[in-house]
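Okay, here's what each chain looks like letter by letter:
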Amino acid sequence: MTDAPGEVLPEPVASSWTTATVREVEHVGATFVKLRMEVADRHDHVPGQHYVIRLRAPDGYTAQRSYSIASDPTDPLVEVMIECLPRGEVSGFLHDVVEVGDELEVRGPIGRWFVWGGTTPSLCVAGGSGVVPFVSMARYARRTGTEPLMRIAASAQTRDRLPYADELEEYGAFIALTRENQPLADGSERVAAHLYPDELVPLADGIERAYVCGSVGFVSFVGRILGEAGVRSDAVRVEQFGPTG
Amino acid sequence: MAITRGFTGRDRRGGDDRLPPGQYDTGAGWPTLTAELTPQVDVDTWTMTVDGLVDTPTTWDWRGVHALPGSTYFGDIHCVTTWTKFDTTFTGVSVDTLLEITGVKPEATHVFATSTTGYTTNLPLADITDGKAWIVWEFDGKPLTPEHGGPVRLLVPHLYFWKSAKWITRLELRDHDEQGFWERNGYHDRGDPWLEQRYQGDA
Ligand SMILES: Cc1cc2nc3c(=O)[nH]c(=O)nc-3n(C[C@H](O)[C@H](O)[C@H](O)COP(=O)(O)OP(=O)(O)OC[C@H]3O[C@@H](n4cnc5c(N)ncnc54)[C@H](O)[C@@H]3O)c2cc1C
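If you're matching them up, the sequences are chains A and B in order.
Using our numbering, the first residue of the first sequence is number 1, and each one after it goes up by one.
Using our numbering, the first residue of the second sequence is number 246, and each one after it goes up by one.
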């Protein structure tokens, strides 16, 4: 897993904590919240990177978690999309309490591995909230005219558990719902099911790299079917979050 | 820095002095954070090598490491993604035991750990000697599962857990420091949780 020669990596920003002012709050479905923030002393990000958000209680107690960036680097605001987890300390707060005008401590952009610089033909496979880094990549690809290099497949239980579903579809992403049948353009239906290897094969054709983001179980499932679709495991970059129990 | 409006925090053990700054207790959970697919490492072909600035470079196979005097770690582990897991039990062999067998040349100052996947991480020699590091294959009395680095991982519990390279296969002793995978990708060179050495540039 060495970095490809000649690949342009983001600077390893020795970033310190700074202030983000929340400019927009949008609840998306029942479980997601989109925050758009103005970040002081902002450094440009590369699609795929994340910020750390740190909350601070009056007695000095802090909690911090990582959130992928959804916005294009040229967007004047930094956008994150947070899934509210049951009893989630940070996600619950961001979902239920945060309002426009609030200030949050943030640090970033962070990460030099799970990033796409717009030059490598790639397939991104997302489960649920794992789509967020790929939204940044897709927006970047659109703006720079590099869409042919970036394909996306996204999976979720139901459509409202998949943030950015409309935007991804417009981009040409393949969407697989595991608990809902889905009308297809030709009038037929995709029956609720996990991604099939057959569905990934055409998307994997000619790619040099695959990015997989989602829960631990999702990542190992996709790893297997990417293998069946002929993608070498050392071409796969992974970002996973969530519990393994 | 200003307090966050409306935030009081949750699940706090009143001033638990076992929790490093910025960490929370993950309870029974054990999250994983991995940069690559989990490999299936076969214990019949797996080997562990200690080489570089040692007197006798040595390679052990699965039976060979199990024949060494065993050692157990009981205590906490800390991940840079802010979870801490209390009271873990890992069993394997102390890195001290491996280094006793190979000998260590006086000019050795650092160690470079490599996994079967090519994952690497760097550590000062002092951070893996004197009872501070292990090669482990059991967690809570059961074989270490592949997603947690099984069959064999490095365990350096006093540093953030990315230093505890999963699927370990080699420790190379060196007279200089060179960044490993996450360190090149922006994480701190040492990673002491008590000093919150998370990213490059932290004190
Ligand atoms: C690099 C990186 C990027 C990330 N990007 C995003 C992102 O774009 N959007 C996003 O919503 N999250 C993202 N996450 C996850 C995020 O950092 C937090 O882990 C998540 O919001 C839960 O924090 P919490 O404080 O709400 O929950 P906690 O209080 O930490 O946990 C509450 C409960 O939920 C469980 N849990 C924790 N994470 C998950 C999960 N993902 N699914 C199901 N159960 C879980 C815990 O085991 C616990 O039982 C990212 C994580 C990483 C490491």
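What the hints contain is simulated information worked out from the structure, not anything from laboratory work.
Hints are not guaranteed to be accurate.
If you want a taste of the chain A side facing chain B, the calculated C-beta under 7 Å gives, among others [claimed, not checked]:
hint : residue
1    : 24
2    : 25
3    : 56
4    : 58
5    : 61
6    : 62
7    : 84
8    : 85
9    : 95
10   : 97
11   : 100
12   : 102
13   : 221
14   : 235
15   : 236
A virtual CB, placed ideally from N, CA and C, is assigned to each residue, including glycine.
Hints and how they fare:
no.: 1; hint: 24; in the structure: violated, 17 Å
no.: 2; hint: 25; in the structure: violated, 13 Å
no.: 3; hint: 56; in the structure: holds, 5 Å
no.: 4; hint: 58; in the structure: holds, 5 Å
no.: 5; hint: 61; in the structure: holds, 4 Å
no.: 6; hint: 62; in the structure: holds, 6 Å
no.: 7; hint: 84; in the structure: violated, 14 Å
no.: 8; hint: 85; in the structure: violated, 12 Å
no.: 9; hint: 95; in the structure: violated, 12 Å
no.: 10; hint: 97; in the structure: holds, 4 Å
no.: 11; hint: 100; in the structure: violated, 12 Å
no.: 12; hint: 102; in the structure: holds, 6 Å
no.: 13; hint: 221; in the structure: violated, 11 Å
no.: 14; hint: 235; in the structure: violated, 10 Å
no.: 15; hint: 236; in the structure: holds, 5 Å
Hints 1, 2, 7, 8, 9, 11, 13, 14, counting from the list given before, are not met by this structure.
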